[in-house]
Amino acid sequence: MPLNRLPDTDYVVTYPERTKRRYLSRLLIALLALLSQTSAAAAGMLSERLLPAGGISLSAEARTVGKTVDHSPNLPDGGLAVPVKRGRFQAHKFGIDWQISDKLALHSGFSRLDFTSLRDQYTLNRIEFITRQRLNRRSTIEFGLTTNFARSLTKNSFTTIGDSTVRNLKIDNPRDYTLHSGFVFTIPLSATSALSLHSAAGFLQTTNSGTSGSISNGNCNYDFDFNNNGGRLTQTEPCGDIVSLTRNYPTDQAIESEYGISPGRDTAYTAKFYRVGVEYSVKKGRWHSSFALYHQQLNRGDLDQRLSSRRLESFRNNQTAIIEATRLTNSHWDFGATLQYQRRQFMGDVPVLYTGMTAQRFKDDVLMFSLKLNYSIH
Amino acid sequence: MQSVRTSHFRCFLSLVGVFFLAACGSGSDRGVEIHSNSDLSVHQAIDGYVVNATVFCDGVRNGQTTAAGLFTCPKHTQLITVRGGSDVGFDENSVSGGVPFIGELQGPAKSRYITPLTTVAAKMSTSGGVFNEQTYAASERTLTDSLGIPGVALSSNPIGNLPLLKANAKIHQLVAQFTTSADDYATVTGELANMLRSGSSIDLNNDTNTIISMLNQQLLVTAPALAQTPTSEAQLSTALAEKNTEIDQSSNLAELESVTTGAASETPYAFSIDKHAPLLAYETYRDTTFYTLDQLQNPTTFFGYHQARFNLDWIETVYIANEAFSIKKPMDKATVDVAVEFKSTSDNRMVSATLSGVKLSMHAEGSTTIDVEVPPGSIINARAVNKQGIVTDVSLLANKQHLASSDNGGFIFDFRDVNRKLREANQNELLYEYGNYQMTVVISGVRFSVTDRGNETGALEYTVTNAAESVTGYGLRGYVSRAD
Numbered sequence: 001m002p003l004n005r006l007p008d009t010d011y012v013v014t015y016p017e018r019t020k021r022r023y024l025s026r027l028l029i030a031l032l033a034l035l036s037q038t039s040a041a042a043a044g045m046l047s048e049r050l051l052p053a054g055g056i057s058l059s060a061e062a063r064t065v066g067k068t069v070d071h072s073p074n075l076p077d078g079g080l081a082v083p084v085k086r087g088r089f090q091a092h093k094f095g096i097d098w099q100i101s102d103k104l105a106l107h108s109g110f111s112r113l114d115f116t117s118l119r120d121q122y123t124l125n126r127i128e129f130i131t132r133q134r135l136n137r138r139s140t141i142e143f144g145l146t147t148n149f150a151r152s153l154t155k156n157s158f159t160t161i162g163d164s165t166v167r168n169l170k171i172d173n174p175r176d177y178t179l180h181s182g183f184v185f186t187i188p189l190s191a192t193s194a195l196s197l198h199s200a201a202g203f204l205q206t207t208n209s210g211t212s213g214s215i216s217n218g219n220c221n222y223d224f225d226f227n228n229n230g231g232r233l234t235q236t237e238p239c240g241d242i243v244s245l246t247r248n249y250p251t252d253q254a255i256e257s258e259y260g261i262s263p264g265r266d267t268a269y270t271a272k273f274y275r276v277g278v279e280y281s282v283k284k285g286r287w288h289s290s291f292a293l294y295h296q297q298l299n300r301g302d303l304d305q306r307l308s309s310r311r312l313e314s315f316r317n318n319q320t321a322i323i324e325a326t327r328l329t330n331s332h333w334d335f336g337a338t339l340q341y342q343r344r345q346f347m348g349d350v351p352v353l354y355t356g357m358t359a360q361r362f363k364d365d366v367l368m369f370s371l372k373l374n375y376s377i378h
Numbered sequence: 001m002q003s004v005r006t007s008h009f010r011c012f013l014s015l016v017g018v019f020f021l022a023a024c025g026s027g028s029d030r031g032v033e034i035h036s037n038s039d040l041s042v043h044q045a046i047d048g049y050v051v052n053a054t055v056f057c058d059g060v061r062n063g064q065t066t067a068a069g070l071f072t073c074p075k076h077t078q079l080i081t082v083r084g085g086s087d088v089g090f091d092e093n094s095v096s097g098g099v100p101f102i103g104e105l106q107g108p109a110k111s112r113y114i115t116p117l118t119t120v121a122a123k124m125s126t127s128g129g130v131f132n133e134q135t136y137a138a139s140e141r142t143l144t145d146s147l148g149i150p151g152v153a154l155s156s157n158p159i160g161n162l163p164l165l166k167a168n169a170k171i172h173q174l175v176a177q178f179t180t181s182a183d184d185y186a187t188v189t190g191e192l193a194n195m196l197r198s199g200s201s202i203d204l205n206n207d208t209n210t211i212i213s214m215l216n217q218q219l220l221v222t223a224p225a226l227a228q229t230p231t232s233e234a235q236l237s238t239a240l241a242e243k244n245t246e247i248d249q250s251s252n253l254a255e256l257e258s259v260t261t262g263a264a265s266e267t268p269y270a271f272s273i274d275k276h277a278p279l280l281a282y283e284t285y286r287d288t289t290f291y292t293l294d295q296l297q298n299p300t301t302f303f304g305y306h307q308a309r310f311n312l313d314w315i316e317t318v319y320i321a322n323e324a325f326s327i328k329k330p331m332d333k334a335t336v337d338v339a340v341e342f343k344s345t346s347d348n349r350m351v352s353a354t355l356s357g358v359k360l361s362m363h364a365e366g367s368t369t370i371d372v373e374v375p376p377g378s379i380i381n382a383r384a385v386n387k388q389g390i391v392t393d394v395s396l397l398a399n400k401q402h403l404a405s406s407d408n409g410g411f412i413f414d415f416r417d418v419n420r421k422l423r424e425a426n427q428n429e430l431l432y433e434y435g436n437y438q439m440t441v442v443i444s445g446v447r448f449s450v451t452d453r454g455n456e457t458g459a460l461e462y463t464v465t466n467a468a469e470s471v472t473g474y475g476l477r478g479y480v481s482r483a484d
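If you read the protein sequences in the order shown, they are chains A and B. Per the numbering used here, residue 1 is the first one in the first sequence, and the count goes up by one each step. Per the numbering used here, residue 1 is the first one in the second sequence, and the count goes up by one each step.
The shape of chain A in the complex, shown without the other chains:
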């Protein structure tokens, strides 16, 4: 995902001074807010020059995908719950932008992300902080920290591994951190249009405090509880001649030696990434629109190698196309809409979802639509 889609800044300077300040600030506040939403990882496009120094902007956004699913999770005692139609993805965000000075701005945002499949539902929270510094009329740099986190991610759908069926899988305290720095260079094309070149690079890390769940093998049922340095498997009830069984794994390697999967190394990783993009912006009256393309490349090191060694595809890049439109309404309220196409859904956007067990799920693309309302105080 485009972490650092920085807003263009210069093409608006041809406006008469008063009009410029008024409209430009509305336009760019809305635009930046939209950009921050469409670019999930960077979610917070700064409104540094759009608000007067000391100005604050509040925004609320809803985002979803076109697909729905008849969600029907497995029940603990067997069977399935009554299906409920839900969107496969929904996000809600609240953001604050603060123009600290003429050149320095800060964005912070809190989001709730809901992922729904036929059997499973995950909810993640997201917090982001981005600071942006204008260097000159055409150049801007930014630094950002984003984290996605949850108390747990529970997978209730059954997964077959060899002769065994994983009936329940829970990752405790999943979390990712993304640190990035970006640079934007803006080229005015006309009085109402501009081309911006985006680049960014950074590091990300995913962590968790353990994996637990239940697994069946034949008629025998087991609970497992693995942390990142070993764990335990316990037979839940007598099974045939086996009255009780407990296996204690002293290390992550010991677990991998038996199951071929390392709870520690397959669910937590560090990665480097870079991203480049180009954005064309145009405005007309109270409307502003833009079209942008981004390419992101990730290197997850150990995890990529582990996937390759298991002859699984490791998805290392993704592309995003964004079309957006913003309508300035009055002196405080702005309204915008965005259409975003992601090739390899959510890759780099929600890194914690990408694991050695879930990597193959990122092969699909996704189309997202978002609406946003912005209120500025200045």
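Hints may be right or wrong, so weigh each one.
Claimed, not checked - Label pairs and their calculated CB-CB ranges:
#1 B/Pro74 / A/Ser216: 33 to 39 Å
#2 B/Arg112 / A/Asn229: 54 to 60 Å
#3 A/Glu258 / B/Ala137: 27 to 33 Å
#4 A/Pro76 / B/Arg112: 44 to 50 Å
#5 B/Pro376 / A/Asn221: 24 to 30 Å
These are calculated hints, taken from the structure and not from any lab test. As the structure is a prediction and not an experimental result, all values here were calculated from the model. Even for Gly, the Cβ is constructed at its ideal location relative to N, Cα and C.
Dock chain B against the given chain A, drawing on the hints supplied.
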């Protein structure tokens, strides 16, 4: 090889069965933790402190004794039984070592301390196999009067009460003279109780002849297998008098511990194993290979292997040859615990397995007959540690599929069946990995010896532990290799 008359000598080798079965081992994490729970009463088994003994609360198995002989029973319990384990003297922190306690202690649940004296008093209050808690106080008074220690409360703490400890030690010495197993101990204490019900006075220092003779006469009627010949009776009497004098001369716990520890090795053996006779054998489709105890006990390696080498890929059956056994004391379904442990000599791999409550019968009438019976519902507890350090603790129903199944000259063990069971239990197949292993076999609850060209010495004491239980007793240790 002599033929085995009965069909199940399965056990000693169900030992072997157990061991192959388990692929387990390593020390336990068992802690000595007694919770002050209102639903439980706390007790201690004391001769010295008896640790790792099996506890029965009103006949229901309820764990094992831990350090200082501590254990618990439900509050409503009436009669406590403590069987086997190890007498570690008076070190309240010790959870292993000491001397195998070949005995069975009993006492009322209202007594915190379960000792040899409470055992006799409890049996005095037992009639038709039913313990009468109401008459226990009277039995206690009768017993202390008979022993010349009137007014001593048997339920008081023997530690710190040297006269009470000495009285307990003397009773234990008396009973141990006649016993080779925990079952024998129960029988002899029962007969002693029958004698003392009448209030007969006994002198365990100056007149051991009388009590030995009386007890022997009683045993001749009720348990002739335990009775002594007149010659042996006289020897026992002399030995007991000497031992009791030493006990009386002890002025502190350390001296008393030294005297009583020495006594155990002088008590009789149930059977002896000839160190140079074929003991462990395996059959392949081509031939049969025997190993003697002497060969098994040799730790040296030749071209990387011990003398006892197995290639399990080719083995059809494994069995223990009974011709190495010399039965000295016939036993009829004596209750024993058995355990086997294999420990790699080059890494941390281990396998241990324990099986409690098996019935051991041994007779030497014409040919040696050994019969090991595993009661239905018996549980094999096992622990395995593999190369990756994965520790597996498993409890398996010891149904007959796990055991030896032939009487053709030994206890024969079906490897293929065991292997299948191992896979079912997700066990590590330690014995299917190449390497050299130290093998330990333990029988708790029976005393035996090893004969080396006519010289008889008592078997050494070992403890095999897993997550569920420990078995301490006399045993054998040797070395085997899993070869190509």
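How the hints compare with the structure:
{"no.": "1", "hint": "B/Pro74 / A/Ser216: 33 to 39 Å", "in the structure": "holds, 35 Å"}
{"no.": "2", "hint": "B/Arg112 / A/Asn229: 54 to 60 Å", "in the structure": "violated, 43 Å"}
{"no.": "3", "hint": "A/Glu258 / B/Ala137: 27 to 33 Å", "in the structure": "violated, 59 Å"}
{"no.": "4", "hint": "A/Pro76 / B/Arg112: 44 to 50 Å", "in the structure": "holds, 45 Å"}
{"no.": "5", "hint": "B/Pro376 / A/Asn221: 24 to 30 Å", "in the structure": "holds, 25 Å"}
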